[in-house]
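K.L.:
What follows is each chain in one-letter form.
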Amino acid sequence: MTQIAWIIPFFPLMTFLLCFIFQKREWHHLCSRVGIMTTGLALIGSITVLIGQMIFGNSEAVISWLSIGDTVFSIGYIVNPLNALMLVIVSLVSFLVHIYSKGYMAGEERLGTFYAYLGFFTFAMLALVLSPNLLQLYMFWELVGLGSFLLIGFYFHKAEARAAAKKAFLMTRVGDVGLLIGMILVFWQVGSLEFSAIFQAVSGGDMDSGMVTLVALLIFIGAVGKSGQFPLHSWLPDAMEGPTPVSALIHAATMVAAGVYLVATLFPLFEASDTAMLVVAITGAFTAIFAACIAIVQTDIKRVLAYSTVSQLGYMMLALGSAGYVAGVFHLTTHAFFKALLFLAAGSVIHAAHTQLIGEMGGLWKRMKGTGWLFLIGTLAIAGMPLFSGFFSKEEVLLAVWKEEHYVLFTLGLITAFLTAFYMFRLFFLVFMSKKIIPYKRRKKIFESPRVMILPMVVLALLAVGAGYIHTGWFGPFLGEWLASGNEYITLHPHEGAGWLMAVTTLLTFLGIWMAYLMYQKEKLDRNYLSEAFPGVYEAVLNGFFVDVLYQRTVVFATKCLGIVGTWVERYVIQGILHFIEDITILVTKLASKLQNGQVQTYGAMVGVGLVVLLLIGLMQGRFF
Amino acid sequence: MDMETLLAYDWGIMAPEFTIVIIATLLSLLDLFLPHSFHRKWLSVFAGVGILVAFVFTLSQLGQEADMILYDTYRLDLFATSFKLLLLIGAGLVLGLSASYHRKREQGEFYYLLLTALLGAMMMASSADLITLFVGLELLSISSYILAGIDKQSLKSNESAMKYVINGGMATAITLFGFSYLYGLTGSTQLTTISEILPSLIRTPAQGLLIMAFIMTFVGLAFKISTVPFHMWTPDVYEGAPIPVTAFLSVVSKAAGFIILLRVFLTLFGTLEGLRLNETFMQSMALWIGVLAALTMILGNILALRQHNMKRLFAYSSVAHAGYLLVPVVALSTLTLENIWFYLLVYMFMTVGGLAIIYVLYEKHGTLDLEMFSGLYKRSPALAILMTIFILSLAGIPGTAGFIGKLNIILGALSTDPAPIVLVSIMIAATVLSYVFYFGILVQIYFRSNPFQVTIKVPIVMKTTLWICAIAIIGLGILPNLALDFYHHYVDLINVTEMLWMRG
Numbered sequence: 001m002t003q004i005a006w007i008i009p010f011f012p013l014m015t016f017l018l019c020f021i022f023q024k025r026e027w028h029h030l031c032s033r034v035g036i037m038t039t040g041l042a043l044i045g046s047i048t049v050l051i052g053q054m055i056f057g058n059s060e061a062v063i064s065w066l067s068i069g070d071t072v073f074s075i076g077y078i079v080n081p082l083n084a085l086m087l088v089i090v091s092l093v094s095f096l097v098h099i100y101s102k103g104y105m106a107g108e109e110r111l112g113t114f115y116a117y118l119g120f121f122t123f124a125m126l127a128l129v130l131s132p133n134l135l136q137l138y139m140f141w142e143l144v145g146l147g148s149f150l151l152i153g154f155y156f157h158k159a160e161a162r163a164a165a166k167k168a169f170l171m172t173r174v175g176d177v178g179l180l181i182g183m184i185l186v187f188w189q190v191g192s193l194e195f196s197a198i199f200q201a202v203s204g205g206d207m208d209s210g211m212v213t214l215v216a217l218l219i220f221i222g223a224v225g226k227s228g229q230f231p232l233h234s235w236l237p238d239a240m241e242g243p244t245p246v247s248a249l250i251h252a253a254t255m256v257a258a259g260v261y262l263v264a265t266l267f268p269l270f271e272a273s274d275t276a277m278l279v280v281a282i283t284g285a286f287t288a289i290f291a292a293c294i295a296i297v298q299t300d301i302k303r304v305l306a307y308s309t310v311s312q313l314g315y316m317m318l319a320l321g322s323a324g325y326v327a328g329v330f331h332l333t334t335h336a337f338f339k340a341l342l343f344l345a346a347g348s349v350i351h352a353a354h355t356q357l358i359g360e361m362g363g364l365w366k367r368m369k370g371t372g373w374l375f376l377i378g379t380l381a382i383a384g385m386p387l388f389s390g391f392f393s394k395e396e397v398l399l400a401v402w403k404e405e406h407y408v409l410f411t412l413g414l415i416t417a418f419l420t421a422f423y424m425f426r427l428f429f430l431v432f433m434s435k436k437i438i439p440y441k442r443r444k445k446i447f448e449s450p451r452v453m454i455l456p457m458v459v460l461a462l463l464a465v466g467a468g469y470i471h472t473g474w475f476g477p478f479l480g481e482w483l484a485s486g487n488e489y490i491t492l493h494p495h496e497g498a499g500w501l502m503a504v505t506t507l508l509t510f511l512g513i514w515m516a517y518l519m520y521q522k523e524k525l526d527r528n529y530l531s532e533a534f535p536g537v538y539e540a541v542l543n544g545f546f547v548d549v550l551y552q553r554t555v556v557f558a559t560k561c562l563g564i565v566g567t568w569v570e571r572y573v574i575q576g577i578l579h580f581i582e583d584i585t586i587l588v589t590k591l592a593s594k595l596q597n598g599q600v601q602t603y604g605a606m607v608g609v610g611l612v613v614l615l616l617i618g619l620m621q622g623r624f625f
Numbered sequence: 001m002d003m004e005t006l007l008a009y010d011w012g013i014m015a016p017e018f019t020i021v022i023i024a025t026l027l028s029l030l031d032l033f034l035p036h037s038f039h040r041k042w043l044s045v046f047a048g049v050g051i052l053v054a055f056v057f058t059l060s061q062l063g064q065e066a067d068m069i070l071y072d073t074y075r076l077d078l079f080a081t082s083f084k085l086l087l088l089i090g091a092g093l094v095l096g097l098s099a100s101y102h103r104k105r106e107q108g109e110f111y112y113l114l115l116t117a118l119l120g121a122m123m124m125a126s127s128a129d130l131i132t133l134f135v136g137l138e139l140l141s142i143s144s145y146i147l148a149g150i151d152k153q154s155l156k157s158n159e160s161a162m163k164y165v166i167n168g169g170m171a172t173a174i175t176l177f178g179f180s181y182l183y184g185l186t187g188s189t190q191l192t193t194i195s196e197i198l199p200s201l202i203r204t205p206a207q208g209l210l211i212m213a214f215i216m217t218f219v220g221l222a223f224k225i226s227t228v229p230f231h232m233w234t235p236d237v238y239e240g241a242p243i244p245v246t247a248f249l250s251v252v253s254k255a256a257g258f259i260i261l262l263r264v265f266l267t268l269f270g271t272l273e274g275l276r277l278n279e280t281f282m283q284s285m286a287l288w289i290g291v292l293a294a295l296t297m298i299l300g301n302i303l304a305l306r307q308h309n310m311k312r313l314f315a316y317s318s319v320a321h322a323g324y325l326l327v328p329v330v331a332l333s334t335l336t337l338e339n340i341w342f343y344l345l346v347y348m349f350m351t352v353g354g355l356a357i358i359y360v361l362y363e364k365h366g367t368l369d370l371e372m373f374s375g376l377y378k379r380s381p382a383l384a385i386l387m388t389i390f391i392l393s394l395a396g397i398p399g400t401a402g403f404i405g406k407l408n409i410i411l412g413a414l415s416t417d418p419a420p421i422v423l424v425s426i427m428i429a430a431t432v433l434s435y436v437f438y439f440g441i442l443v444q445i446y447f448r449s450n451p452f453q454v455t456i457k458v459p460i461v462m463k464t465t466l467w468i469c470a471i472a473i474i475g476l477g478i479l480p481n482l483a484l485d486f487y488h489h490y491v492d493l494i495n496v497t498e499m500l501w502m503r504g
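These protein sequence lines map, in sequence, to chains A and B.
This note's numbering numbers the first residue of the first sequence as 1 and each following residue consecutively.
This note's numbering numbers the first residue of the second sequence as 1 and each following residue consecutively.
For reference, chain A alone in the conformation it holds in the complex:
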């Protein structure tokens, strides 16, 4: 059953090809159908592979792709619990987003192109997940980056979208350079890029510990770029310029999780180096609380969710860095569902209200009950409300950190949990509940979204509630046991559920919700108290602690300076040389063409002269003169 895995990515690729060829307006209705159908097939395939993995265990098949001398590069696929799970997540979310887009993007001029890009992205993402070696992973890693670039810049007539697409591409490239260097080092040390060979080399002690740390850190830089970790996070909020379904698919559920997936896939490598693990954990914890702080004051509904994504990805990294392999993957799974749900619900709101600014919304509960309920479910799940999926996975993450005795990071994680509940309910109250009256005229025009958009959200809502029960202290750690079963290098640390931790997190969640309720619903607490007391701090948080400004003033500025110098060099030095080469080329061409005059006697003479010259050179080489 797992043998069909390699076919799965080709279904969405078909969408890409078909929609790209038939992108005329009259084919639009077919494009969406083709897209939904192929991702549906991919989903069926993924589920088959998942079940197959559970019954028959792992499988791997590679064929040699290019052999140069004795070095063979291979391509193929691998199926293990981790990527079988990822396959289902990616194809499921992609399938739902394809359906949702049918409603959300209706009437779009370039619908064919949109579906083509979506198909392309899904193809690359699925293929990335199936890769059995670093080289193949890297190729698709770049291709998902390309897909993300194209989709962020989909509304390319908007300058912001263009800038955001460029920024996303460049910033993730910075990380990719790290990954590439790490990869080259691995190849140099191990002589192969196959995951299994790398793990063998690490566990067999073929690489010295300093090298393991260096490689792990370099690869982690790649993950930092892709997963929007500090300090390479600021492209992710800007990426919200893309269409909302894209944000749900790429910038919440799948691509940004690829960094986490990379660390999880190479977990044995990271585990071999304490330094690397600590760096991962610290980066994760810092990013989590850092982004959560910024999310509190954002005024754009999608940017709140974007910072929240950054923060939650930080949680996953924190878990992985604290040896919580299962916790990290578990949180990745639940997060994919509830964050995609939140984005799609936000999309539904934007679709109806024609604005993304929280200040222009309010009291939408009455106009769009369905969306409201769904958004509430997503909010409860991410806030860690007991019985919802986020509750279980977040508790697992914190437990892993506690067991690893990183008490500072544990405290940061707890604070982030509180902040998450607070900013998410701030968002919920401001958008749906606040009593602010929107002008009557505008309110009249707000309607619930069509069923084609609601249905995918309902599926995600069910998962956002239920996905937590695959790994609980109450019913049994199914997910953990299964993940550990398929990977000899992973050891499962049984975490007996600490009751006190559950109590503390629940308390913090309720505290966050209660404070948000007082501030934004009852308005008993002055919501502007802090911002007025510390205007400077408020300004800083609002602007994401000026990270972008910092980049602007340093990296971008330096690059521009370099650019100016480079332009000068190019204009006067390089071009001078180029002109010289060009002139020489033209001269040689003219001379050679003159010889090429169509006269056979010239040709014969050339051969004769050539032969004599060659004989002279050859005999001189033999020292006969």
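These are calculated hints, taken from the structure and not from any lab test.
Where hints are given, some of them may not hold.
Unchecked claim - The calculated DSS-like cross-link candidates involving lysine-lysine, where the alpha carbons are at most 30 Å apart (straight line), are:
(1) B:K457 x B:K364
(2) B:K152 x B:K364
(3) A:K24 x B:K463
(4) A:K24 x B:K457
(5) A:K594 x B:K156
(6) A:K560 x A:K166
(7) B:K364 x B:K41
(8) B:K156 x A:K590
(9) B:K378 x A:K24
Stated by the list, open to error - Restraint-style ranges between C-beta atoms, simulated for each label pair:
(10) B:V454 x A:L615: 50 to 56 Å
(11) A:P231 x B:V454: 57 to 63 Å
(12) A:I581 x B:E65: 52 to 58 Å
(13) B:V443 x A:M211: 45 to 51 Å
For each residue, glycine too, the CB sits at the ideal point set by N, CA and C.
Keeping the supplied structure of chain A fixed, place chain B upon it in accordance with the hints.
P.N.:
Leaving out everything else, chain B in the frame of chain A:
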């Protein structure tokens, strides 16, 4: 030679050659006796079947032990078999290209001349004696001369044939002169025997004559592969000859040239002690061949820059590719044969593909100028995309087989010794130079307005040929090991040292 000895030979090893002979004879008889009302295009079907049967025979010979017949003048080994496969593929593609347009009914001779030329090339691949080798070479050459002039009514075609004959004559004379030195020095024409005697000549006064023999033979054979200094005939002959003949010359004839070059030079000089200590003769002459390779790449690409005539452009491009193919000969390693084999295979697909599209457009628009491509994307998107694939592959862009071929050559050249880095740099620079005219074609296809308001209908055989070429290029570009594994599986045994069979 009595009857008994004759019958004792294992004639089975000549089965592919016999097939071609029989079909060629049959076709000439049919052409002679069939009534005029019988359309000669049906002869192409016979020719195709013949090539296919010969291909199957050659495939079946793949696993066989090396064997020689006819007093050790005819040799079947993995080198011969693997390169014969290339020749047959090339001839098959050329046939696919030629079988679509028939303006004259009396062109039956094209098919059997094609087959005799192919036969000559196959004999060259198998020859183990200078005489056999020369007979094969001349069979190929004389058939090609007639082929170049087969369009009797066309002045251009006549001119092309004339130039080809004269230049070919000079080349033959030089080659023979070189051979005569070899014979004079060793008293034998059998390659094995020669290679056994040659070591005794090193560091004697006769060494100078040996170098002369080496250079004369090389320059003479340079004619077939059209490298410096014997490249100048290429554009004139390619331009005048009908397009299928151009394709034949640049694909099959060139491959045959490389086969004979490898056979003679690797056998005779591959492990021969060099002029200085601790090097082989080929290494002593590496610089010399390297200069020729570099000049060929540079001249081919530079001259192509100014070309507007598509046939001439392809002629120069074929000169440049011959230069790339010489790089593995300069940097001899265990990868040399593999690199040349793979590159020739890829080169066949992309050149025949490109010329096929030029053929289609020429038939439709009656011009060979670059502007035949202007606005092609609007006229015929399918042809535009196919041409893009061929062009990208010729230019060596990743994702196509042309890239893998160049990459293999570069990595192979640097695999044993970093010295060829200069040559490799020149090769890369020349490749970059070639982008200028290759992308010029793409600019015409996509960004120029469409002056021809016609729809283009491609005959079915032509269409099949085009798609085979395109699929092969993309397929080998993404999964190069389809071909390389095949090669390794059967032919890996013959790396350069093992090819030197006389030593063992």
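K.L.:
A separate judgement is required for each hint: does it hold in the structure or not?
P.N.:
Against the structure, the hints come out as follows:
{"no.": "1", "hint": "B:K457 x B:K364", "verdict": "holds (9 Å)"}
{"no.": "2", "hint": "B:K152 x B:K364", "verdict": "holds (21 Å)"}
{"no.": "3", "hint": "A:K24 x B:K463", "verdict": "holds (26 Å)"}
{"no.": "4", "hint": "A:K24 x B:K457", "verdict": "holds (24 Å)"}
{"no.": "5", "hint": "A:K594 x B:K156", "verdict": "holds (20 Å)"}
{"no.": "6", "hint": "A:K560 x A:K166", "verdict": "holds (15 Å)"}
{"no.": "7", "hint": "B:K364 x B:K41", "verdict": "holds (20 Å)"}
{"no.": "8", "hint": "B:K156 x A:K590", "verdict": "holds (24 Å)"}
{"no.": "9", "hint": "B:K378 x A:K24", "verdict": "holds (15 Å)"}
{"no.": "10", "hint": "B:V454 x A:L615: 50 to 56 Å", "verdict": "holds (55 Å)"}
{"no.": "11", "hint": "A:P231 x B:V454: 57 to 63 Å", "verdict": "holds (60 Å)"}
{"no.": "12", "hint": "A:I581 x B:E65: 52 to 58 Å", "verdict": "holds (54 Å)"}
{"no.": "13", "hint": "B:V443 x A:M211: 45 to 51 Å", "verdict": "holds (48 Å)"}
When held up to the earlier numbered hints, the structure conflicts with none and fits them all.
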